[in-house]
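Chains as they are written, first to last, in our numbering: chain A, 1 to 232; chain B, 1 to 193.
Worth double-checking, as some hints may not be accurate.
[Said to hold, decoys possible] Derived pair list, reagent style DSS-like, types lysine-lysine, alpha-carbon separation capped at 30 Å:
| # | chain 1 | residue 1 | chain 2 | residue 2 |
| --- | --- | --- | --- | --- |
| 1 | A | LYS2 | B | LYS64 |
| 2 | B | LYS3 | A | LYS72 |
| 3 | A | LYS209 | A | LYS72 |
| 4 | A | LYS163 | A | LYS209 |
[Said to hold, decoys possible] Chain A stretches covered by chain B per the calculated footprint, using a threshold of three residues with CB under 8 Å from any CB of chain B:
| # | stretch |
| --- | --- |
| 5 | 1-10 |
| 6 | 40-52 |
| 7 | 59-72 |
| 8 | 108-114 |
| 9 | 124-134 |
| 10 | 145-152 |
| 11 | 175-188 |
[Claimed, not checked] Derived Cβ-Cβ restraints for the label pairs, each shown as a range:
| # | chain 1 | residue 1 | chain 2 | residue 2 | range |
| --- | --- | --- | --- | --- | --- |
| 12 | B | TYR23 | A | THR98 | 27 to 33 Å |
| 13 | A | ARG190 | B | ALA131 | 17 to 23 Å |
| 14 | B | HIS29 | A | PRO70 | 25 to 31 Å |
| 15 | A | ARG113 | B | GLY140 | 33 to 39 Å |
| 16 | A | SER157 | B | ILE44 | 33 to 39 Å |
| 17 | A | THR165 | B | LYS3 | 45 to 51 Å |
| 18 | B | HIS29 | A | LEU12 | 30 to 36 Å |
| 19 | A | ASP93 | B | HIS29 | 52 to 58 Å |
| 20 | A | SER157 | B | GLY70 | 29 to 35 Å |
| 21 | B | PRO24 | A | PRO70 | 29 to 35 Å |
| 22 | A | LYS209 | B | SER164 | 41 to 47 Å |
To be clear, the hints were calculated from the coordinates, so they are not data collected in a lab.
Virtual Cβ for every residue (Gly too), placed ideally from N, Cα, C.
The residues making up each chain are set out below.
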Amino acid sequence: MKYLLVLAAGVLFGVTLFVAAMIYNPFMAERRLSPISVTDAEVMSLTYVNVPSESIIFTNDGESRQQPHPAKVLQLWEAPIRLTSMMTSVMRDARGRTAGIGVKFSSRSERTRLLNGEALVDSTWYIHLPGRGSLFIEQSENYWPFFREVAFPAWRSSGNNWKGTWLGDMSAGPGALGTARVTGGSGTLRGLATQGVESLSARAYSAEKGLVAAEGRLLIELPSIVADDTSQ
Amino acid sequence: MLKTFIIGILLGFAAAAGALYAYPAVDQHREASIVSVAPNGGNIESFHVNIPMDRVMVGAPGRKQSVPPGMQWPTDEELSGIRMELFKVRNTRDIVVGVASRTSASDADVIDWVLHLPARGSLYATMQSQASEGGMRRGGITAGSREFAPLKGFMTERWVADTSGEEGAPSGRIELSANYIGEYIPEDEDGLE
């Protein structure tokens, strides 16, 4: 009996050790430099407030950490869409002016492999920029670095929150360099096929409510023809 | 005693790693796709949206009643020509299988649909704003992700009013029909050898 108890304690310690090794392993899913930030091409920058309560609408299954906004919005409780969220937000340009409106669909990905430091979300953006046209952006996002460096410290703290500055690229594919695939649908952006990167800048996080102060940014590489058209 | 403890640690470590490897962290619920073969090639898949019960959001300037209640649609002048709606999308068995956005923009004179089916991927279609006879709109599939990435084709949209008169019945439905045409891959003669 004594040996069984010692074995059980050892197993528990082993599991704890494994979890700690995953969270503190510096070689797992380190934040990378965005390939878009070193490109020679012109780049379009779009920012949005990444806090559900400050978006136009945000909805999910209603049982997740992030609460739907406004409170009476239809919730996505049906089984095929239970792991999905939708957010509509005003998109702003690099100078903070209103550039358009966007909707983001995010679903937890079945390709998630926590052993490899991949907590993946398959997301799709539709963005309409008046005077320019519309964009469709498809990507996988990896939330593991965010979980490790923001969510876990918030959960561990006595106040159940985290404050600081965290900036990271969320895009992790399908592009070979971990970039999102961007397609233009209408207007001057029609026919555009390029790549982009979404990043998250978090300043406050609550273990109970999720993101409290955060901003998202989309950087989209523009081929020269489109860049000339959109700059006019 | 120490040996037992160390064996326990190794067992715990291996069990945690094995469990993470063997069990999927995410398991999306799947409904069987209902696809039929088109007479002139390609496959057809139909979806619909019941109005008003599947409507998640109607965003347009100047609306007296916002959907959902309490939503503040931005009043920026730049967005005055945009109307954006969000829906739940159903398959032909009337089961919710995804979500969608429908955006009409006066500046581009188009209607854009994005269908997001979590277990399968997303589909983006751009339609002409003018409906043809019979109230149907048609547009090309511009892009797709995952399962839909290699597919081209077109999508149609049609409003069908409910005439059943049943209590609790929707006022109508938006019918979407996606016609997928896969990319032709020529047979590799060398591969047959």
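Verification of the supplied hints:
1. A:LYS2 to B:LYS64: Distance of about 72 Å is beyond 30 Å: violated.
2. B:LYS3 to A:LYS72: Since the Cα atoms of LYS3 of chain B and LYS72 of chain A sit roughly 58 Å apart, the hinted pair is violated (cutoff 30 Å).
3. A:LYS209 to A:LYS72: holds (18 Å)
4. A:LYS163 to A:LYS209: holds (14 Å)
5. 1-10: It holds: at least three residues are needed, and the stretch 1-10 of chain A offers 7 whose Cβ sits within less than 8 Å of chain B.
6. 40-52: With 0 residues close enough to chain B, the hint is violated.
7. 59-72: As far as the stretch 59-72 of chain A goes, the hint holds, because 4 residues have Cβ atoms under 8 Å from chain B.
8. 108-114: Satisfied; 6 residues make the cut.
9. 124-134: Holds, because 7 residues of the stretch 124-134 of chain A bring their Cβ atoms closer than 8 Å to Cβ atoms of chain B.
10. 145-152: violated (count 0)
11. 175-188: holds (count 5)
12. B:TYR23 to A:THR98: 27 to 33 Å: violated (45 Å)
13. A:ARG190 to B:ALA131: 17 to 23 Å: holds (21 Å)
14. B:HIS29 to A:PRO70: 25 to 31 Å: Hint holds: Cβ distance 27 Å, inside 25 to 31 Å.
15. A:ARG113 to B:GLY140: 33 to 39 Å: Once the Cβ atoms are compared, 35 Å apart, the range 33 to 39 Å for GLY140 of chain B and ARG113 of chain A holds.
16. A:SER157 to B:ILE44: 33 to 39 Å: At roughly 54 Å between Cβ atoms, ILE44 of chain B and SER157 of chain A fall outside 33 to 39 Å, so the hint is violated.
17. A:THR165 to B:LYS3: 45 to 51 Å: This hint holds: roughly 47 Å between Cβ atoms.
18. B:HIS29 to A:LEU12: 30 to 36 Å: This hint holds: roughly 33 Å between Cβ atoms.
19. A:ASP93 to B:HIS29: 52 to 58 Å: violated (39 Å)
20. A:SER157 to B:GLY70: 29 to 35 Å: holds (32 Å)
21. B:PRO24 to A:PRO70: 29 to 35 Å: For PRO24 of chain B and PRO70 of chain A the Cβ distance comes to about 34 Å; the hint holds.
22. A:LYS209 to B:SER164: 41 to 47 Å: holds (44 Å)
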